[in-house]
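J.: Listed here are the chains, written in short residue letters.
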Amino acid sequence: MKNTLRQVFHSSKFLVGFIIFALILLTVWLYPLLINPGNPLEMIGVGTFAKPGTYVSLYDAVNTRTETLRLPDADDKRVAYLLSDADRVAMIEWFGIMDIDVSELDATDTDALLDLWFENYDPAIKPKGMTQARRNFFKRLDKSIRQIRSADTLKVMHPEEDELVERSSITKTDYVNVGDVANVKLLPLGTDNFGRDVLKELVSATGTSIVIGLIAGVVATLIGLTLGLLAGYVGGLVDDVIMFITNIFTVIPSFVLLILISYSIGQEQRGASVVALVIGFTSWTWTARSVRSQVISLRNRDHVNLSKLSGHSLVRIIVTDILPYIASYVVMAFILQVSSGILSEAQLSLLGLGPKTTVTPTLGLMMNWAMLYSAHTNGSWWAYFPVILTITLISFSLNLMNTGLDQVFNPTLRD
Amino acid sequence: MKKIIALLLALIMLVALGATAYADNDVSELPREETLYFAGQQWGTVLSWNIMGTNQNNSMAIAGGPSGYRTLMFETLFMYNFMNGDIIGLLGDSYEWNDDLTEVSVVLKDAAKWCDGTPVTAEDVVKTWDVSVEIGNTAGTTYGAYIDSIEATGEKTFIIHSKLDAEGRPVNPLKVTDFLTGSPIAQAAWIDKLVERNGGDAVSILNDPGEDVVWSGPYTKYYSDDQKVVLIRDDNYWGQDASMWGKLPVPKYIAHTIYADNPAGELALKAGEVDVCQQFIGNVQDLWLKDGLPISTYYEEAPYGVCLTMPTAWYNMNLPVLAENAALRKAIAIAVDYDTIIANAMTNQSPSFADVPRSLMNPTDGEQALYNHDAVADLQWAGNDIEGAIAMLDEAGLVDTDGDGWREYNGEKISLNAVCPNGWTDWQASMEVVAAAGDKIGVEITTLYPEWDIYQTVFTNPNQTEYAIFMWSPEAASPSNPWTRVNQFLGKDYVGVENNWSGNWGQYVNEEADALIKQIPLTTDEEALKDLYTQLTEIYLTEVPSFSLMYRPSLFHAVNESVWTNFPAGDDGREIPPADCTDGYGIAALYELELVG
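Chains as they are written, first to last, in numbering that gives the first Met the number 0: chain A, 0 to 414; chain B, 0 to 596.
Keep in mind that the hints are not guaranteed to be accurate.
Calculated lysine to aspartate or glutamate pairs in the EDC-like style (CA-CA distance at most 16 Å, straight line) [what the hints assert, rightly or not]:
hint: 1; chain 1: B; residue 1: 439; chain 2: A; residue 2: 41
hint: 2; chain 1: A; residue 1: 138; chain 2: B; residue 2: 300
hint: 3; chain 1: A; residue 1: 127; chain 2: B; residue 2: 571
hint: 4; chain 1: A; residue 1: 125; chain 2: B; residue 2: 593
hint: 5; chain 1: B; residue 1: 269; chain 2: B; residue 2: 285
hint: 6; chain 1: A; residue 1: 50; chain 2: B; residue 2: 285
hint: 7; chain 1: A; residue 1: 127; chain 2: B; residue 2: 591
hint: 8; chain 1: B; residue 1: 529; chain 2: B; residue 2: 364
hint: 9; chain 1: A; residue 1: 142; chain 2: A; residue 2: 118
Chain B residues, not near chain A, derived (Cβ > 12 Å throughout) [said to hold, decoys possible]:
hint: 10; residue: 56
hint: 11; residue: 62
hint: 12; residue: 95
hint: 13; residue: 140
hint: 14; residue: 227
hint: 15; residue: 355
hint: 16; residue: 441
hint: 17; residue: 501
hint: 18; residue: 515
hint: 19; residue: 524
Pairwise CB distance ranges (calculated) [claimed, not checked]:
hint: 20; chain 1: B; residue 1: 33; chain 2: A; residue 2: 156; range: 50 to 58 Å
hint: 21; chain 1: B; residue 1: 372; chain 2: A; residue 2: 111; range: 50 to 58 Å
hint: 22; chain 1: B; residue 1: 63; chain 2: A; residue 2: 255; range: 38 to 46 Å
hint: 23; chain 1: A; residue 1: 376; chain 2: B; residue 2: 460; range: 35 to 43 Å
hint: 24; chain 1: A; residue 1: 249; chain 2: B; residue 2: 260; range: 32 to 40 Å
hint: 25; chain 1: B; residue 1: 87; chain 2: A; residue 2: 127; range: 21 to 29 Å
hint: 26; chain 1: A; residue 1: 255; chain 2: B; residue 2: 451; range: 21 to 29 Å
hint: 27; chain 1: A; residue 1: 255; chain 2: B; residue 2: 224; range: 27 to 35 Å
Because the hints were derived from the structure by calculation, they are not lab data. This one's a predicted model, so the numbers in the text were calculated from it and none came from an experiment. Every residue gets a Cβ at the ideal spot worked out from N, C-alpha and C, and that includes glycine.
With the hints as extra help, turn the sequences into a complete structure.
T.: Structure below.
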């Protein structure tokens, strides 16, 4: 056993896969414990899809002690933020509509541009042929331009008994240290459509999905192993009956079966563990078939015949004389079952047939909601891409471990 | 041999394809500059053009929209404008109530004509009504309880007699006004033909495809299959007479591609393949702020549209735990975080409950003025009041006795589900928020999203006990609102009605409220009316038989101005409602559209 393990860990493929998987498991265990405890389904954001980044409380920032920094490019940056090059072109377009000679005007001269704008723009003007969308665009542009020309100092007022009392004033050169602000929230992966912290949800969902995969894998492997052993060793009528059932299950595409069963169970009963069981019950067939063929090649070996002659029971022969020879194969099959169980959950949930929502997050459900809220078309990549990446990593690591094991145990592949 | 068969099969398929493509008008290349494209109205293939029938699934031609009838092909007597409550003449020229509101006399427009050139007469109206009642189509069943009969008094004049109650008072004059704006008129001669060819059998009349139907509106059918529906302008339309519009509507074709789902329609709008989109688009402002597309909505700022209704979570009173515990109903309602719902599910396309406090009214100024805000201010809630809800439940004795973290009632764990149809994303998100509130106050609420065909049979069943909290929207705007909506919330007319699409889906019964509701249609004094509505709001907010989750437009109205412009907008001073250029007075927009550039 010790020797086998050493051999297994000598395989670089297995080792890489194992390390990735272990890191994922470690993150699932430690992240909520140490870094970000609390309910992963808590809706912290009011609104959909806040993008990843560090969020600084504006309210607290106003109250934080400031330092004065005179940065040479601060003004340019501010203007560039409020007035893009495309905006400058649009302003000149407006002057054109108003029949103003702009041949002398330098589009990069912000002051001249702004002066001309304030002289000539009036939101009430409705130029003929201009669309509502375009007029709205100019209104927004005007608002933005007005901010460039706003005073150097902003005042924060505080309502007190029907009058506003000045609480503080902010100048363009005031800076606060982010470390000093009372409330700063890091959202490395932003929020999802419900305003949930995606990273926190992802970690929790990964845990659930791995559990689903494990349950599905155990169930599928147990059923497949039992039936395969019986069919292969006992043979005869038992073999015929079991293979008949197995073949029926093989010809029906298991995913269709999965959809039908999930649908008929109804959403109310579909918890994460029920979904895992359903996946397990529909994916055992190929384990059964390959175990059977392995057993058939084993059952006439000398040591098995010896056991038979010694009058050992069926169970004992299977457990002590056959199982150890196919154990390595079963472990590999189990790993693949876990991997495909996780994928099946994701596929099912994407179709809206996964575990019921609100209770636990799973990787599939996260993708399902992201898709329902068109995250893929509105550019909110953080709501679905990390999920896809996680699923890929899990199945990649499991498959890598499987290949590594294969190399160790399969004599034809051994170096 | 096999090859020959395969070849033959391929040939047959090709011929068949060709045959279907040339079977009707060619619509593969409609001139873009003459066509107004829609999305979000027609789902699935058109079943019939029979204006007297049912289940036509013909949204462009036959649809009683929630904010006015769609008058592209068939016309109503009057048009409703929900922006100001005006009732504007269409086939009808004027109407007048008598003093005790038992009858209304209507004069038809002289110019009004059918597509075959014959005038629209009082006889058409009478025939439409009589046959509607006889065969029980939508008009007949909707207004049958309120209209006794329609009597022609001349070629162009007729009187509508209200149904009277035992004391000789009209049952509901408001609903009769609804009939004027909400029910299309069909031609008597065509109805005769229809009845005759179906041997007078109600069921077959209702299901007649009506291919030969006679219309009076500015558009008529041109093409329809499972891909698109196209209407073409009728250049002989009577409405170009100076007494009506004085001109023809601008687009020659009205086309609606049949999209698979909302995202497909949204993509088409972004690509400029759709001009008017009646679909909820999350974060609609991103279309112009981020993507810089020439798309606009009625208002430039949130809530972007005119909210006329409020999707509501109804408590199922067939469940004793809900029926017997007003405290539980109110506690859940005040614990729900509505700001999250409005920001998430509606992406802020709704005023908040802090802006427009909850009542029985929609957020329009007209309805808001109908009740005394101060009198019920103490009863209202803005939501997310977890402590208040917990205190309320503790006080009512609904506590956790066995220490499992969930509260019990009569020794049993309170376990409710929150239900809405699968795929109705914004409603699903709302139900998730409701469930999250339950979690915080120790009441187990799990979400459930059955498919639509299952959902609709369960929630319209008056005896159902499967759904505890479920969603549906009350009426939006019509001349009879807010009365109709109040009746849906609190009235007992619909309690126990099988296949109930009309109202009070939670089966809540309150005799006091019902008596007040019955008084409203006959009350004309404004102060008395306000008093009645205030009392009803008080009952509603105390008893909480249901709670609204957000405000919502009855029609979404996002327009892409790549081809067409001059759509109605909030700041253009025209007061054309954002009703997709099709419904009620919203159709006026079609006459004022312009091509870009």
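J.: Looking at the structure, which of the earlier hints fail to hold?
T.: none
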